[in-house]
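Undergrad: The lines below spell out each chain.
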Amino acid sequence: MVAVTDLYEKYTITKDGQMMLRKAEKEQMETVWERFQAQLPQCGYCEMGLSCRNCVMGPCRVDPFGEGPQKGVCGADADIIVARNLCRMIASGAASHSDHGRDLVEVLEEVAKGKAPGYEIRDAEKLKRVAEEYGVDTSKGDILKIAGELAHAMQEDYGTRKSSLQLISRVPQKRREIWEKINITPRGIDRETSEMMHRTHMGVDNDWVNLLLQGMRNALSDGWGGSLIATEVSDILFGTPQPKTSTINTGVLKEDQVNIIVHGHNPVVSEMIAQATEDKDILALTKKKGAHGINLVGLCCTGNELLMRRGIPMAGNHLMTEQVLMTGAVEMMLVDYQCIMPSIGPIGKCFHTQMISTSDKAKFPEMEHKEFHPENARELARELVKQAVNNFENRTPNRTYIPVEPVNIMSGFSVEAILSALGGTPDPLIDALKAGKVRGAVGIVGCNNPKIKHDHGHVTLARRLIENDILVLDTGCAAVATAKAGFKVPEAADMAGPGLKEVCNALGIPPVLHVGSCVDNVRITVLAAALANHLGVDISDLPLAGAAPEWYSEKAVSIACYVVASGIYTVLGPMPPIAGSMNVVKMATEGLNEVVGACLAVEPDPEKAAILIRRHIEKKREGLGLPSITV
Amino acid sequence: MKEVVVHPERCVGCMQCMVACATAHSKTKNLFSAILEIPLPKPRIHVGVGLYREGFPNRCRHCDPAPCMMACLPGAIYREPEWDTVLIDPDRCINCASCAMACPFGVIRYHEDSLGVPGKVIAVKCDNCVTRQSEGIVPACVEICMCNALTYEERDESLKRKTDEMARRISVGAEEREIIESPGFNLLNTLKRANVAISEGAL
Chain A
1 MVAVTDLYEK YTITKDGQMM LRKAEKEQME TVWERFQAQL PQCGYCEMGL SCRNCVMGPC
61 RVDPFGEGPQ KGVCGADADI IVARNLCRMI ASGAASHSDH GRDLVEVLEE VAKGKAPGYE
121 IRDAEKLKRV AEEYGVDTSK GDILKIAGEL AHAMQEDYGT RKSSLQLISR VPQKRREIWE
181 KINITPRGID RETSEMMHRT HMGVDNDWVN LLLQGMRNAL SDGWGGSLIA TEVSDILFGT
241 PQPKTSTINT GVLKEDQVNI IVHGHNPVVS EMIAQATEDK DILALTKKKG AHGINLVGLC
301 CTGNELLMRR GIPMAGNHLM TEQVLMTGAV EMMLVDYQCI MPSIGPIGKC FHTQMISTSD
361 KAKFPEMEHK EFHPENAREL ARELVKQAVN NFENRTPNRT YIPVEPVNIM SGFSVEAILS
421 ALGGTPDPLI DALKAGKVRG AVGIVGCNNP KIKHDHGHVT LARRLIENDI LVLDTGCAAV
481 ATAKAGFKVP EAADMAGPGL KEVCNALGIP PVLHVGSCVD NVRITVLAAA LANHLGVDIS
541 DLPLAGAAPE WYSEKAVSIA CYVVASGIYT VLGPMPPIAG SMNVVKMATE GLNEVVGACL
601 AVEPDPEKAA ILIRRHIEKK REGLGLPSIT V
Chain B
1001 MKEVVVHPER CVGCMQCMVA CATAHSKTKN LFSAILEIPL PKPRIHVGVG LYREGFPNRC
1061 RHCDPAPCMM ACLPGAIYRE PEWDTVLIDP DRCINCASCA MACPFGVIRY HEDSLGVPGK
1121 VIAVKCDNCV TRQSEGIVPA CVEICMCNAL TYEERDESLK RKTDEMARRI SVGAEEREII
1181 ESPGFNLLNT LKRANVAISE GAL
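Those protein sequence lines, which keep their order, are chains A and B. Once you know that position 314 of the first sequence is 314 in my numbering, the rest is easy, because the numbers rise by one and skip nothing. Count along the second sequence from 1, add 1000, and you get the number used in my numbering.
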């Protein structure tokens, strides 16, 4: 029999994760890993994308061995079924990011109308900059008027009246020409998702190549539309991130303080909670209740948003969300939306933890629903933080278990912050690239997935890349993993190769830069576009790559597709559900090169993924006439 | 005579055989009403998980001699000669689990079943769908399996197919031709093996 300790070491590389899994076992609480085991074996048709539930002549499936049915009832073959299923994943992912973006635009609009007490324009400079991109007249200087006009202009991007999204103006001309040529220039954010759903309805688009092209256009409507708007408006409303230090892992929870966790993706609620934790009357109440303060911490991407802008500590990533609650040290968890496992409500109930859902779009079992809107957010946040403080006395000390000490992290590397660290221009980075001190840059992004040992993919890949003088920019769950491993402090430059180490030491930055949450992947593509424009080349000419070593979500599919369509080679850890069609596999992993100058690769082993990426980067260096080496 | 033959290399792990089996052994024989029955019908075929998270449809082999039959002191387990099938008499079963101890394949389960007295737990296993077979219908697990991981055929017929396959694989130059039945399924399994190997620390 396998000893339990060994088992948990197979589940996760993180010390706090392993220790919390032992506590989960002791407390007989189920985790995502047990549910994953219970699901095995997983359905091969679904894993290969060969099952179709799009209509009720079906459900249908295609026999991958060629003897059983080869077509659905409608006549769709494996290529069509696989392409339709993949495209629906993209549509869902793009819809998620874009709807998140829309919520921020709505707050911006309410702020402009003066109907969102507590919210304000924190980065007026950025507001003006973005407004000018949208053609808003900023000369009169009335900030709220500009905000209102920008909100309306962005809402137009969501509609159907435009022939292309505004912010693709940041994309190099060469790339936009490619999109025009193959007709994938994104027109309206909602339009592309809506059209994708239309085309995958029975009897509409039955050309798998044509479907995949619309899939890319839909993804681009996310990457240069919904996600980008989400990031830009978040910066305008809550401030553009600047380098900040903080701490990370389960150890950020404090035994003697009121612990409040915000979890999800959207900073709209959590920013108000953060403000409320600083209110004097609430701090006085905290003292009265015998707590030494309020400790606000983040989880997942809501956590990333707060960490980037306010340096608020981060408790963990996707696969840690259940375990963080199992510390028994959490007075309240507030969730917004996306990647919130419905399993966590009941875990809160095992302790004194109050579980609060906040969005009209996302309710969960065993959670109390307190709906946030821009007009009530400030007051509701105060009320809930008070409620959490009052809950401190209900904590059971002998069930409280905070397993580790936190690790230090430097965060807050927005594009603006990176450029300012470089002295206001990308030239120092370009010089370092040219000289070969930095071979290239890689975005490590994406989720956790119980199919892959937790954090192993992110950490191993990041380690191998920085060792080989490749600068890493990361977001989302990947960013949490590498920070916990200690890669996000300036001293981590010692782990980098000699060239990258020299550059990091000169600038005082870590070799792995935290650029934000998962909508903030656009910071990476925007930076890539800016570098390409600066050099007068296409994004696909640059020594760049993307990686999603532990991805799980539909949002990740959309991200991977817009990154590739933007010209960046991307290596996935888990296999997307496309193995049922070797035509789709070949298109994704080879054919796309000829279409958009970049493609996907699938490599579960991060050691091998690192080699694939290094080879790609050296090939691109060679293409630019820069010194290259053989990997 | 025809029987159910298992081809594990073709199992995609969809578990549809389990659902079809439970439905075929329900009172109403219809999935949507079966899930409302008391007791809930349960499958006689069980899909196990392999080392690499792949599926394996595990089913009673109807051995001869059958170890379960020999272990059954009340004589509840018997062979039905017409369909060459090992069956359990629910009225004679005393729920002692001796058959489970004797069974080399772990295919027997113990639960209340619509075949037995209400409220009584009995030993339940694959009955080769003898009722369906006698009506000229193939066993439910075979009917639902679209990948032909479960087939209904003469045993020797299936083995002859396998012999030919084997012969093709050892043909001179076969390595270059790489006979893969489903490149996609092969790819999926290769990646699944890699995931497990990484977790085990083997890579």
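No lab work stands behind these hints, which were simulated from the structure alone. From the three backbone atoms N, C-alpha and C, an ideal C-beta is built for every residue, glycine too. Be aware that a few hints might be false.
As the list claims (entries may be wrong) - Derived coverage of chain A by chain B (criterion: at least 3 residues anywhere in the stretch with Cβ under 8 angstroms from a Cβ of chain B; other residues may be distant):
id	stretch
1	325 to 337
2	580 to 586
As the list claims (entries may be wrong) - Not everything, but these chain A residues come out facing chain B in the computed CB check (under 8 angstroms):
id	residue
3	Ile13
4	Arg61
5	Glu177
6	Arg399
7	His456
Undergrad: Under a C-beta cut-off of less than 8 angstroms, do 3 or more residues of the stretch 325 to 337 of chain A approach chain B closely enough to confirm the stated coverage?
TA: Not satisfied, violated; 0 residues make the cut.
Undergrad: Measuring from the C-beta of Arg399(A) to each C-beta in chain B, is the shortest one below 8 angstroms?
TA: violated (30 angstroms)
Undergrad: Is the listed coverage of the stretch 580 to 586 of chain A by chain B valid when you require three or more residues with a beta carbon under 8 angstroms from a beta carbon of that chain?
TA: holds (count 4)
Undergrad: Let's test the interface hint: is any C-beta of chain B closer than 8 angstroms to that of Ile13(A)?
TA: Because about 10 angstroms separates Ile13(A) from the closest Cβ in chain B, which is outside the 8 angstroms limit, the hint is violated.
Undergrad: Report holds or violated for the interface hint on His456(A), using the least CB-CB distance to chain B and a cut-off of 8 angstroms.
TA: holds (7 angstroms)
Undergrad: Hint validation: Arg61(A) versus chain B, beta carbon distance must be below 8 angstroms. Holds or violated?
TA: holds (6 angstroms)
Undergrad: Is the hint on Glu177(A) kept, meaning its closest Cβ partner in chain B is under 8 angstroms away?
TA: violated (34 angstroms)
Hint compliance for this structure: hints 1, 3, 5 and 6 are not met, and every other hint is.
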